[in-house]
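One line per chain: the protein sequences are A and B, in this order. If you count the first sequence from 1, you need to add 1 to reach the numbering used here. If you count the second sequence from 1, you need to add 488 to reach the numbering used here.
It should be emphasised that the hints constitute simulated quantities derived from the structure, not laboratory data. Don't take each hint at face value.
[Unchecked claim] Using C-beta positions, here's what the derived DEER-type ranges look like: (1) Asp-90(A) to Glu-677(B): 26 to 34 Å; (2) Asn-48(A) to Lys-514(B): 24 to 32 Å; (3) Asp-578(B) to Gly-202(A): 35 to 43 Å; (4) Asn-48(A) to Glu-677(B): 24 to 32 Å; (5) Pro-35(A) to Lys-599(B): 20 to 28 Å.
[As the list claims (entries may be wrong)] Listing some non-contacts, in silico: residues in chain B with all C-beta distances to chain A over 10 Å: (6) Thr-526; (7) His-547; (8) Leu-556; (9) Glu-560; (10) Tyr-561; (11) Tyr-577; (12) Thr-621; (13) Glu-623; (14) Glu-656; (15) Phe-658; (16) Phe-668; (17) Asp-670; (18) Arg-691; (19) Asp-692; (20) Glu-693.
Bear in mind that the values here come from a model prediction, so they are computed numbers and not experimental data. Glycine included, each C-beta is placed from N, C-alpha and C at the ideal position.
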Amino acid sequence: MRARIALNIKSVDYEFQEENWLVSKSELLLKSNPIHKKVPVLIHADNPVCESLIIVQYIDEVWSSGPSILPSDPYDRATSRFWSAYIDDKWFPSMIAFFFAQEEDAKKAAIAQMEEGLVLLEEAFGKCSKGKAFFGGDRIGFLDIAFGCFLGSLRVIEKADGIKLLNETKTPSLLKWADRFSSDTAVKELIPDTDTLAEFGEKLQAKMIANK
Amino acid sequence: MAEEVKLFGACGSPFSSRIQVALKLKGISYEYIEEDLTNKSPLLLKYNPIHKKIPVLLHNGKSIVESLVILEYIDETWKANPILPEDPYDRATARFWAKYIDEKCVAAAGKAFWAKEKEREKAVEEAWDCLKTLEGALKDKKFAGGETLGLVDIAANFIAFWLRSFQEIFGVELLTEEKFPDLFKWSEEYVEHPIIKEYLPSRDELIVFLNKRLQNLK
Chain A
2 MRARIALNIK SVDYEFQEEN WLVSKSELLL KSNPIHKKVP VLIHADNPVC ESLIIVQYID
62 EVWSSGPSIL PSDPYDRATS RFWSAYIDDK WFPSMIAFFF AQEEDAKKAA IAQMEEGLVL
122 LEEAFGKCSK GKAFFGGDRI GFLDIAFGCF LGSLRVIEKA DGIKLLNETK TPSLLKWADR
182 FSSDTAVKEL IPDTDTLAEF GEKLQAKMIA NK
Chain B
489 MAEEVKLFGA CGSPFSSRIQ VALKLKGISY EYIEEDLTNK SPLLLKYNPI HKKIPVLLHN
549 GKSIVESLVI LEYIDETWKA NPILPEDPYD RATARFWAKY IDEKCVAAAG KAFWAKEKER
609 EKAVEEAWDC LKTLEGALKD KKFAGGETLG LVDIAANFIA FWLRSFQEIF GVELLTEEKF
669 PDLFKWSEEY VEHPIIKEYL PSRDELIVFL NKRLQNLK
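Just chain A, same shape as in the assembly (with noise of 0.2 Å):
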């Protein structure tokens, strides 16, 4: 998803091409990423770009005309990468242990971590917002893709479980992002009903844990 809000943000036609992982992966995948032999995969001109992160930085600069996804100052680019490097190495490990969680004890350590790195990103989303409607500014930009990305998940966690993991005590300004984010045409159509991906979820749920 990071790659293709990237893409709708710098209005550049592409060719979408849904792999089914869960089942089996394509040959052009597998030659594209032979090293994780994961998605996405991006490729321009024959030339395949892994990892999402780097492949948002890529499509920046090679768009270059287009609206900046990482901002301009090199401060605010670094601190802009350090938290979407907390987000992929932190945040999101929580979120999986939650997935895979099967006893109550494991579910409610899950959640709190998670809670704990949403307060921080809260605090972050301040510093780097200064006031304005996204991480980015006016704009969606490279913290708001890397993070909001995530936002389908959060609500499958939230409709099952019943808990508001963004709420208004401990994360209003995130509340009020997430809907601007969700909103914004670049992401609009990207994310999923939240019962497709809870199917999902339960699917990838079983193939790991038959898998360990």
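For chain A, the structure is supplied; the task is to place chain B on it using the hints.
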């Protein structure tokens, strides 16, 4: 305005060494602050409250953390001797390999070194897989270790020096000439590069560093 650049690092840390190499490459003057990782300073905790780790770069009072983020920041702020290439595809490739080194290789090597007896064999094989991939990348010229040092070369310091030093200390064979001839040869030349060499710890310093890490892990 006068530039104020400070680096919080630790002798023996490959991540800290990377930043020193980059700052030297760019000809930037800075104040180096050695951190005792078993007794972290209030300043370090103030400038990196989330991860509480070194390296931390302080530039005119603003802190930047995480070595790969710092390297890109340095490259974007000081333009001499670029660390990243100009072409977007080459940049994406460099970022991919730097990330691969940190996320896969460093992690796999760490697992192999610290593994308990019964888990060791599997951990070593995983580390060998990573090194095999790197050997392939080296053949494809994804990192060169030539006279110019790029992002991947700087990030690969762990492979060339730390991994080879640790394998001696721990008695676990990972990067050998027999298994990975090109990578081995590259590592021999790499540690002789004048700028890299300047920021490599001595064997004694490395042992002190390892002991502190052990203390922290307990």
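Hint check results:
1. Asp-90(A) to Glu-677(B): 26 to 34 Å: holds, 32 Å
2. Asn-48(A) to Lys-514(B): 24 to 32 Å: Holds - the Cβ-Cβ distance for Asn-48(A) and Lys-514(B), about 29 Å, lies within 24 to 32 Å.
3. Asp-578(B) to Gly-202(A): 35 to 43 Å: Since Asp-578(B) and Gly-202(A) have Cβ atoms about 37 Å apart, the given range 35 to 43 Å holds.
4. Asn-48(A) to Glu-677(B): 24 to 32 Å: holds, 29 Å
5. Pro-35(A) to Lys-599(B): 20 to 28 Å: Because 22 Å falls inside the window, the suggested range holds.
6. Thr-526: holds, 23 Å
7. His-547: violated, 8 Å
8. Leu-556: Incorrect as stated: the minimum Cβ-Cβ distance to chain A is 8 Å, not above 10 Å.
9. Glu-560: Violated, because the least Cβ-Cβ distance between Glu-560(B) and chain A comes to about 7 Å, which does not exceed 10 Å.
10. Tyr-561: violated, 4 Å
11. Tyr-577: violated, 5 Å
12. Thr-621: violated, 6 Å
13. Glu-623: Given a closest Cβ separation of 13 Å, the condition holds.
14. Glu-656: holds, 28 Å
15. Phe-658: holds, 25 Å
16. Phe-668: holds, 17 Å
17. Asp-670: Since the minimum Cβ distance to chain A is about 18 Å, Asp-670(B) lies beyond 10 Å and the statement holds.
18. Arg-691: Check passes; 31 Å lies beyond 10 Å.
19. Asp-692: Asp-692(B) clear of chain A: closest Cβ-Cβ about 32 Å, beyond 10 Å.
20. Glu-693: Holds, because the least Cβ-Cβ distance between Glu-693(B) and chain A comes to about 28 Å, which exceeds 10 Å.
Hints 7, 8, 9, 10, 11, 12 from the earlier list are contradicted by this structure; the remaining hints agree with it.
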